[in-house]
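Protein chains: 2
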Amino acid sequence: MLTWGNRQKPNTTMPTVKDVARVAGVSTATVSRALANPEKVSEATRAKVAQAVRETGYSPNAAARSLRRSESKTIVVILPDIANPFFSDVISGLEEVAHSAGYKVLLGDSAHDPKRAQDYFDLVPTNQADGIILLTTEIPYTLVKDRQLKSGFPLVMACEYFDDLELPTIYVDNEKGASKAIDYLLDMGHTHIASISGPISNPICRDRHQGFLNCLRKKQLNFDEKYLRQGDFSFSAGYQQGRVLLQMKDRPTAFFCHNDEMAVGVIKAARDLDLKVPGDVSVVGFDNIKFGEYCEPELTTVHQPREDIGRQAMKMMLDILASNDVPIRQTLRTQLIVRGSAGAKPQTH
Amino acid sequence: MLTWGNRQKPNTTMPTVKDVARVAGVSTATVSRALANPEKVSEATRAKVAQAVRETGYSPNAAARSLRRSESKTIVVILPDIANPFFSDVISGLEEVAHSAGYKVLLGDSAHDPKRAQDYFDLVPTNQADGIILLTTEIPYTLVKDRQLKSGFPLVMACEYFDDLELPTIYVDNEKGASKAIDYLLDMGHTHIASISGPISNPICRDRHQGFLNCLRKKQLNFDEKYLRQGDFSFSAGYQQGRVLLQMKDRPTAFFCHNDEMAVGVIKAARDLDLKVPGDVSVVGFDNIKFGEYCEPELTTVHQPREDIGRQAMKMMLDILASNDVPIRQTLRTQLIVRGSAGAKPQTH
DNA sequence: TTGAATAACTTAATCGATTACATTTTTAAC
DNA sequence: GTTAAAAATGTAATCGATTAAGTTATTCAA
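Chains A and B supply the protein sequences, listed in that same order. Numbered per our numbering, the first sequence spans residues 1 to 349. Numbered per our numbering, the second sequence spans residues 1 to 349.
For the record, the hints were derived by calculation from the structure and aren't laboratory data. Take the hints with a grain of salt, since some may be wrong.
Each pair may be met inside one copy or between any two copies, as identical chains are not told apart.
Listed next, the in silico DSSO-like pairs over lysine-lysine satisfying Cα-Cα at most 30 Å (straight line) [what the hints assert, rightly or not]:
1. Lys115 with Lys315
2. Lys48 with Lys115
3. Lys115 with Lys290
4. Lys18 with Lys115
5. Lys150 with Lys219
6. Lys48 with Lys218
7. Lys176 with Lys219
8. Lys40 with Lys115
9. Lys180 with Lys249
10. Lys276 with Lys40
11. Lys48 with Lys315
12. Lys40 with Lys176
13. Lys150 with Lys48
14. Lys150 with Lys18
Predicted model, so just to flag it, every value in this text is computed and none were measured.
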């Protein structure tokens, strides 16, 4: 078998400021200044240094810089599950802003494991990261609480939030988002609407459910608790819970799902039970993931501006690091995307 | 508006080895050794140090350690597009192995921008990362070539590969994978099979196409070049190319797509043209993304063990860093997943 | 009890960039 | 031509952990 032979630790050590200084015939301080504060150095010297940098192929050692400056130009992003497509776009947005400000993004998949989340949090005091952006509440509360108490700890939440913690947070108005979906279903005559929620321990799920209930109340409709089911945002949770609901004697005629994957799961459950969507059952999702446009029927859903959330979150973080004031809570707008998975209430029902 | 007030740079500086040494009543060298090589320190001292660490809440400064050790315990993973669900699972696998070995994963979305890729590569010589794992060939060839020439540069490829570079690589046998799909379609009587390929500049796409052609040749069938179309692995590429092909007079009866998203795009194109899948057109994808189980019809596809690829790639990287021999090319097995999107060739055709 | 070998520590140099402080050079005003 | 102010540069300390080299303490054999 062809192998990649024993690697010799690079014998060619990288050039350092000293090398550049020697080549340019100046002191290391001048080199450093020429690079960081060019305006504090004479035209001529600047040129000499630039030339020496080119000649030597110098680029500054990040560890040394971090040590001296106590900053790493790295932001940790903690998310519950990297395989969830919802987060991809948020991350794109985060990355974009981070990169253009010279920051790197270190991704922390907490994998539903508190120990791991802890590890990632520790990167900040150890100077490996400058701040933490949380995309999940699914980590030990005390972990977050403790940091939030230290007012110097750069911590930003995005997409979700903690009820009782005053953290800079960027998310969507979930209550209103849900209302848009429910009003739409009510307008189409549905009265038996089921809800496949995310974990109700999650504040955004409670908000969405609240939006749901508000709409019913406005129409003097009661919500039947048996129509509320919890899932974990996965396809299969939607499928399973959907199946249970669809097999009830008085099955709902419409579903509101707390994310698109569960909505797609419900659609599949309906298909397996020979129920037509939207003929027999209407389904509305949340998030507007790319895939929704390609399922059958195309998914009616509530759009979240995911890249924007990412961009804003990273901006907040950079503001915090620059000691600028930052809003405690900032919400972005949702939008109902009407496609084909929800229709009029069936006559026969 | 409620804001998060000006952050005071943490006044409470972190404890250092010195602090621990003072509290424990030993030298810093002893502290360091007690933590790194406990067996070289007496039972009693070890206990004192442990206690002092607990008391002070010490945890070592990563920048200082990196500087001294010239290693960062960080691996950069460069991928073309983080929003592509194919990569999520690969990343999960990478993360898993990295984390359990005390390494962090820094994600680099090259966003199809050569400049960015360059930036990420530079993290290694500047000591911010110990190695690079490439999940794409879509970056400047010279960038990779240059590094590959330095035999000390820790570089691993996964999922894809460069034709003419001897890099440690882990991927799937694409030719064989494609053959499984095509043989299946041939067995069902199809003779007019279209191929929606990824960019043909991509070696894995050439391999897949080769597998395709081999199967035809074995059956003495010719491949009509007009049935070959290139896409960029997106839903919409599949849709567009699929639409074009399906509107031909002698439209193909089956499609082989180089990934699942394009396959789903083709299915949608067929639906829009009132063609039944698999009644009128059969479609086979590649990758076996989660979503394939939830479309209508469920997607027949070629499975790639994505998490495994990720795990193996990271293992290779760690081996390289430990100066162990590493195979130049390692392939994993694909598997044909038969679901509902491909069926017999229509009679009428 | 002595000496050699080993174990347990300590001292101090080191990694490389940054920057406070000190020194030299230039500029500009009179 | 002086001189004060401003600009440019140099010197050396610093960030915090690691570790080579040196010192002291302990063990054990004879």
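The hints, checked one at a time:
| no. | hint | in the structure |
| --- | --- | --- |
| 1 | Lys115 with Lys315 | both (28 Å within a copy, 22 Å between copies) |
| 2 | Lys48 with Lys115 | between (51 Å within a copy, 26 Å between copies) |
| 3 | Lys115 with Lys290 | between (33 Å within a copy, 27 Å between copies) |
| 4 | Lys18 with Lys115 | between (42 Å within a copy, 28 Å between copies) |
| 5 | Lys150 with Lys219 | neither (46 Å within a copy, 71 Å between copies) |
| 6 | Lys48 with Lys218 | neither (75 Å within a copy, 67 Å between copies) |
| 7 | Lys176 with Lys219 | within (16 Å within a copy, 60 Å between copies) |
| 8 | Lys40 with Lys115 | between (47 Å within a copy, 29 Å between copies) |
| 9 | Lys180 with Lys249 | within (28 Å within a copy, 45 Å between copies) |
| 10 | Lys276 with Lys40 | neither (73 Å within a copy, 72 Å between copies) |
| 11 | Lys48 with Lys315 | neither (37 Å within a copy, 45 Å between copies) |
| 12 | Lys40 with Lys176 | neither (54 Å within a copy, 63 Å between copies) |
| 13 | Lys150 with Lys48 | between (46 Å within a copy, 29 Å between copies) |
| 14 | Lys150 with Lys18 | between (39 Å within a copy, 24 Å between copies) |
In the structure shown, a violation is registered for the earlier hints numbered 5, 6, 10, 11, 12, in ascending order.
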